[in-house]
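Chains as they are written, first to last, in UniProt numbering: chain P, 1 to 254; chain U, 1 to 373.
Don't read these hints as lab results, they were simulated from the structure.
The reader is advised that the hints may include incorrect statements.
[What the hints assert, rightly or not] With a straight-line cut-off of 25 Å between C-alpha atoms, the simulated DMTMM-like cross-links for lysine to aspartate or glutamate are:
1) U:K30 - P:E119
2) P:K73 - U:D68
3) P:K11 - P:D194
4) P:K236 - P:E207
5) U:K368 - P:D58
6) U:K30 - P:E99
7) U:K210 - P:D215
8) U:K371 - P:D215
9) U:K23 - P:D194
10) U:K368 - P:D18
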Amino acid sequence: METKKAIISVKDLVKKYDDFVAVQGLSFEVYEHEIFGLLGPNGAGKTTTLEIIETLRDKTSGEIIVDGFSVDKNPQQIKQIIGVQLQAAGYYPNLNLIELIELFAGLYGANIKPMEMLEKVNLQDKAKAKYKALSGGQKQRFSIATTLINQPKIIFLDEPTTGLDPQARRNLWDLITEIRDAGTTVVITTHYMDEAEQLCDRVAFVERGQIIALDTPDNLIDQLVSSGFERKKEVKKANLEDVFINLTGQEWRE
Amino acid sequence: MQKDIHEKNLNSPSKVGGYSNTKATLALAKASFRSIMRSPSAVVFTLAFPLIFILVFGFLGGGGTRIDVGVTPGSDINNPVMGMLEKTGMIRLVKDKSKAEFDKLLEKGNVDAMIDIHRKINSAAYSVNVVYTSASRDKGGILKSVLNNIFYDKTLKPTVAEIKESTITGREYKTIDFILPGQLGFSLLSTGVFGTAFVFLSLRQTLVIKRFFATPVRRSSIVIGEGIARIGFALIGALFIILIGHFFFGFTLVHGALTVVNMLILATLGVIVFMGFGFIISGIAKSESMVPPISNIITLPQFLLSGTFFSIEAFPGWLQPISRALPLTYLNDAMRKVAFEGLGLWDVKFQIMILLLWGICIYAVAVKVFKWE
Numbered sequence: 001m002e003t004k005k006a007i008i009s010v011k012d013l014v015k016k017y018d019d020f021v022a023v024q025g026l027s028f029e030v031y032e033h034e035i036f037g038l039l040g041p042n043g044a045g046k047t048t049t050l051e052i053i054e055t056l057r058d059k060t061s062g063e064i065i066v067d068g069f070s071v072d073k074n075p076q077q078i079k080q081i082i083g084v085q086l087q088a089a090g091y092y093p094n095l096n097l098i099e100l101i102e103l104f105a106g107l108y109g110a111n112i113k114p115m116e117m118l119e120k121v122n123l124q125d126k127a128k129a130k131y132k133a134l135s136g137g138q139k140q141r142f143s144i145a146t147t148l149i150n151q152p153k154i155i156f157l158d159e160p161t162t163g164l165d166p167q168a169r170r171n172l173w174d175l176i177t178e179i180r181d182a183g184t185t186v187v188i189t190t191h192y193m194d195e196a197e198q199l200c201d202r203v204a205f206v207e208r209g210q211i212i213a214l215d216t217p218d219n220l221i222d223q224l225v226s227s228g229f230e231r232k233k234e235v236k237k238a239n240l241e242d243v244f245i246n247l248t249g250q251e252w253r254e
Numbered sequence: 001m002q003k004d005i006h007e008k009n010l011n012s013p014s015k016v017g018g019y020s021n022t023k024a025t026l027a028l029a030k031a032s033f034r035s036i037m038r039s040p041s042a043v044v045f046t047l048a049f050p051l052i053f054i055l056v057f058g059f060l061g062g063g064g065t066r067i068d069v070g071v072t073p074g075s076d077i078n079n080p081v082m083g084m085l086e087k088t089g090m091i092r093l094v095k096d097k098s099k100a101e102f103d104k105l106l107e108k109g110n111v112d113a114m115i116d117i118h119r120k121i122n123s124a125a126y127s128v129n130v131v132y133t134s135a136s137r138d139k140g141g142i143l144k145s146v147l148n149n150i151f152y153d154k155t156l157k158p159t160v161a162e163i164k165e166s167t168i169t170g171r172e173y174k175t176i177d178f179i180l181p182g183q184l185g186f187s188l189l190s191t192g193v194f195g196t197a198f199v200f201l202s203l204r205q206t207l208v209i210k211r212f213f214a215t216p217v218r219r220s221s222i223v224i225g226e227g228i229a230r231i232g233f234a235l236i237g238a239l240f241i242i243l244i245g246h247f248f249f250g251f252t253l254v255h256g257a258l259t260v261v262n263m264l265i266l267a268t269l270g271v272i273v274f275m276g277f278g279f280i281i282s283g284i285a286k287s288e289s290m291v292p293p294i295s296n297i298i299t300l301p302q303f304l305l306s307g308t309f310f311s312i313e314a315f316p317g318w319l320q321p322i323s324r325a326l327p328l329t330y331l332n333d334a335m336r337k338v339a340f341e342g343l344g345l346w347d348v349k350f351q352i353m354i355l356l357l358w359g360i361c362i363y364a365v366a367v368k369v370f371k372w373e
C-alpha cells in the first residue's frame, strides 16, 4: 500500500474510570481522506475513544495528535477543524432546522447559508420542521449536516445508522461516501459488519479497550480465509437485505 | 474530569483564527429567545398568571379597601393632612367619639388606627401621632404606606406649602399600586427559577450541551447567552405588565417613563438573582419531573410571604422575620417604593444591597452544584 499521511494519530491511549479501565493502550492512525471504522461490541471503548479525540473527555494517559494539534494543548484548534455527531444527542428545543443550523453557524463562527447545508443532506423540504418531528434517517442526516457547518477536515460519526431501515441506511452510506469523496476524513463506529465492509476503507476492531486487528476489510477477510476458515453455509450471490431492497425499492421514503 | 476540561478551555487562547465569542454568545441568545417565546409554560408563567391576578384585583380594587381612622378627641381638624387623607378615597375619618370608646374600637380592630394632629407651638408645622392596632395589621400597613407617601421624609414638620406640593401630584393609593409590583416580582421569580432550571436540565439531559462542547464555544458564552435571552424575555414581560397596569387599571408611575426604566433595572437585578436558584435546581434535580416540586419549595413561600398579595405587616409577628429574610420581599418593596413613592434607585439602595447579598450567596452555591454533564 502506498504511504498515506496520518491526520489523526493515537498513541498508547489509556482511560481509567474509578476502578474500571475503559481503554487500555490504544494506538492507531487515521489517514487523510479515508473512512475509518471503529468496530466492536458495546462497552468495548469505541465511544470513549472517539470522545477523547473530540476533546469532550479527558484521557488518563497517552498522546493524541489531530491534524498537528495536540488534544492537551490545542483543544480549541481541534474543535474548529472537526465535526462531531454524538450518539443520541438532541438539539435545542422549539427551533426548526434552519434556526438550528444558524445557531451552530454562530457557535462555529462559520459563514454559511443554512439552506445550502440542508440541501447537502437532502432536507431542504424540512427546513421549517422541528428536529423532533423528523424520521430516524432524517434525524441522522440532519446531525451530519450540523457536523459539516465549519467545513471540517474530519467528521466523527458515532453509530449513525443504528435503528434505521435498510433504505435509510443505504442512503446514509451514499451521503458518507460523498463526504469522503469531497475530501473530508470520516471516522465512524458501527455494529454492522456489512456496513463496515461496504463503507470503510480501513477498520479497527476494538475489544475490552484494546485494538485486536486493524486493516482494510478485504485484507482482514483474506487473512481469515487463508487461515482455513469456511462458512458453514454456501454464500449466495444475494442476501435477504438485497431481496428486501429489491422488493420495496430503493427510493427515499422520508 | 469536568474540572480538567474546564481548565483546558480556560487555558486555550480566547481567539483562535478570528473566532468570535461574542458572535457565539449572541447566536445562543437568539436561539434561546426564540425557544422561550415558543414555550407555552414560559409565556403562561411570565404573563398570563400575573395578568390574571392583576385583572382580578384590578376589578376588585377601588372600593375594595377602606380604612377607618379614628381622630383623637382634641386633635386639630382643620389641617391639610386630614384633607389629604380623606382625598385618598380609602380612608374614612371617624370623629365625635370619646377616648374610651375609641380605645375599645381600636382594641377590636373596628377602627384601624388613631390619628392625632397638633400644630406645633410657635411653628407652622404639624406634629402627627399615629397609633396602629395589632387587631388590624394589614390595614395599618396600608395606612402606614399612605402616610409615608404623604409626608415622605418630612414627617414631623410639614409646612402647609410642602403638603400642598405633594397634594398636587394627586396620588391615591389604589389596590393595583400594591398588587402590580408584587405580581411583577413573582413573575420575575417564576421566569428566573422555573425557566432556567428546566432549560439547563433538559439541555444537559438531551446532550445538547455536550454537542455544544464539540464546537469552539466557551462555557461562559452558553451561560451568558442563555441569561441574555431570559432577561430580555423577562423585561418584555415586565414592560407589558406595567403598561397594561398603567393604562387599563391606573397603576401609578410617579415619574412616568423614568419610573418604568427604574423598575426595569430592578427587574433585571431580580431576574439575575432568581436565575441563580434555577442554576442550583438544574444541578440537583435528577429528572425533569423533579424540577416543579423543588422550584415550588423556593417560589411558593416567597409568593405567599414576600408581600405579593398582602402587606408583610399583616402577618403575625413570628412570621415577619421569615418574610424579611426572603429576596422577593426586597424586590417587591423596592418596586413599590420606586413606582408609587417615586423614589430613585439610590433611595432603595438598602433593598438592592440585600438582593445583591442574596445573589452572591445563591451564585456561590450554584457554582458548587451546577452540572454541565
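Do the hints match the structure? See the list:
A threshold of 25 Å between alpha carbons decides the hint, and for U:K30 with P:E119 the separation of about 24 Å falls inside it, so the pair holds. As the CA atoms of P:K73 and U:D68 are separated by approximately 75 Å, the hinted pair breaks the 25 Å bound. For the suggested pair P:K11 and P:D194, the alpha carbons sit about 28 Å apart, so the restraint of at most 25 Å is broken. Taken as a hint, the P:K236 and P:E207 pair is broken in the structure, with Cα atoms around 30 Å apart against an allowance of 25 Å.
Distance restraint check for U:K368 and P:D58: the Cα-Cα separation of roughly 21 Å lies within the 25 Å cut-off, and the hinted pair is therefore satisfied. In summary, the hint linking U:K30 to P:E99 is supported, as the alpha carbons are separated by about 9 Å, within the 25 Å threshold. For the given pair, U:K210 sits about 32 Å from P:D215 by alpha-carbon distance, which is inconsistent with the 25 Å threshold. Taking the CA atoms of U:K371 and P:D215, the gap is about 41 Å. The hint is violated against a cut of 25 Å.
Between U:K23 and P:D194 the alpha-carbon distance is near 43 Å, which puts this suggested pair outside the 25 Å criterion. Proximity of U:K368 to P:D18 is assessed by CA-CA distance (about 22 Å); at most 25 Å being required, the pair is judged to hold.
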